[in-house]
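Line order of the protein sequences matches chains A and F.
Numbering of the first sequence is given in my numbering, commencing with residue 1 and proceeding in unit increments.
Numbering of the second sequence is given in my numbering, commencing with residue 1 and proceeding in unit increments.
Please note: incorrect hints may appear among the correct ones.
Said to hold, decoys possible - Covered stretches of chain A, as calculated for chain F (at least 3 residues, CB under 8 Å): (1) 80-94; (2) 209-218; (3) 225-239.
Think of the hints as simulated: they come from the structure by calculation, not from any bench.
For glycine and all other residues, C-beta sits at the position ideal for the given N, C-alpha and C.
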Amino acid sequence: MTSALDSVTVLQALRGNRAERPAPRTADAAHLRAALEDSLYAIVGPQHFFNPLVLRTQELRELPLDFPAPDYSLARVRGILMHHALRLLSVGYSFTNPFEDLTSAWRCEVGESDLLVFVDHLDAEDRAKFATEIAAHTATLRHGLGTFGSGWSLRSTVRVANLLCSGAVALRDTIDLSIDTGDDGDCTTVLLDITTAPLDENSEKVLRFHALNQTLRTGVTPLRSAVLSTATGEQLVAEVDAALLTQAVADVLEAAERKCRV
Amino acid sequence: MPSVTTFTTSFISPGALSSFISTAPTTHSEITSEQRSALAERFRQVSLPHHRRLDAWMVEQAAGQSSPFRWSPTTARRVLGNAALRLRFTQHLSPVVAMDEVIVDQLTRAATGYSRRGSLSSWLSELSTAQLALVTSDALNWSHALEEIARSIDENVEVADSDAYYDVATARTTLRGRRDLIVATESTCTLIRVRSGAPGRTAGAGLRADLTIDAFSRPDGRVANQIIGVWPDAGLLLRVEGSMADLRAGARDLLRVANLQHSAYFQRALAS
């Protein structure tokens, strides 16, 4: 796993050396599914058949049980706007006023929402401060990402819902960007997650969770998985190998045990 | 002995979809004009004073209330994404160029006055550039997902020109069956429908309704050999075979929805 600050863009790191790409691995998915199902069934038992145990990236993080949910906070809005920024950048959009552009795009998607009303009611001072913050995060994102190749297939906000143990457990995930660099015969899919917080040990868990979910969803193991922080510009890039996927399974089992105990 | 629908499921993996297609049942069924008349007669018995449109989603939701339709990047992505992929396959354009062509075509329709109010063209023409970029991004996602599925099939695949529509004579009812890809071999025809999220308990009934509507919409009444639902988010495939028993079950499900709507309408009328 490599961590870098400003040395190469995250897209360059994800792309890596084209000559060293392995052949697509298609055998991992079945092994992982079997390993997960055996262990998860022992943890969750039969009681979850009509009320599935849902595991998301939030459940992987080790937060205190009384950690307050940041409802209606600017942090949540910032996260939403930066995801929209990535979606717009993936189609080559160039921002004139990031805050206005992103809130308008968000409004188009959700129509009316309590969070939008919250943003609309910010006073002029808070609004101006927040708009500058969004512009800075957008600039970091654009700089950290780098340039997309013209022949790449980009899919932003890829939703994943892997059902395990006959539906008793659901692994739900949203991969911010999945890129297929499109060389036939090679393993070419890479995954990217963005966060508006600085990177920490939980970022590694998120990166592994994405790789695991993508493998289960498509039956093909992705090449690399990365996390980029729009707060600091740091990036974490990992080669997806058997050890990483095994650790991802362990993370999921740990989260399931923790959630079942609560 | 009553026939039952056979659902076959599989996880998505390289070759899984092709394997479903190569093992399609080879029996052929056709809808007769007597069956069309019988269906129309039953829909007439539960008709409403206004026109209605029924689809597989209503079957899956048992005619439950859903929020009123509004255009959004999510609701527009399938129409735009399918059109872009069709263009890409026929004119060999890059995904981005094909999508641009489709959006420009929609905007041109709005600008030249060929779109009605509330249509996709009219909605797109009212968006800002940032909003249009978000719509493009979502539609490209759909188009990429559909292309990935199409390219995983060994046979010749075509993107469906449109959904299947069948207007039930004198019952003021239109049936709409969704279909995304069509795989026609020498002896079989397979419909493929791509869905978001994970399949629920009624997903099979929804696919069966789509298969039924597709058969009724064909002038020759030929029933596709199978319909395959693809849930890329969940990595799952679900197959429903196109037998006459499945078709009857699909028609019954649609009639049940019509019946529920009929009862609800008259209960509301009596209460007011």
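Exercise. What hints, given by number in increasing order, does this structure fail?
Worked result: 3
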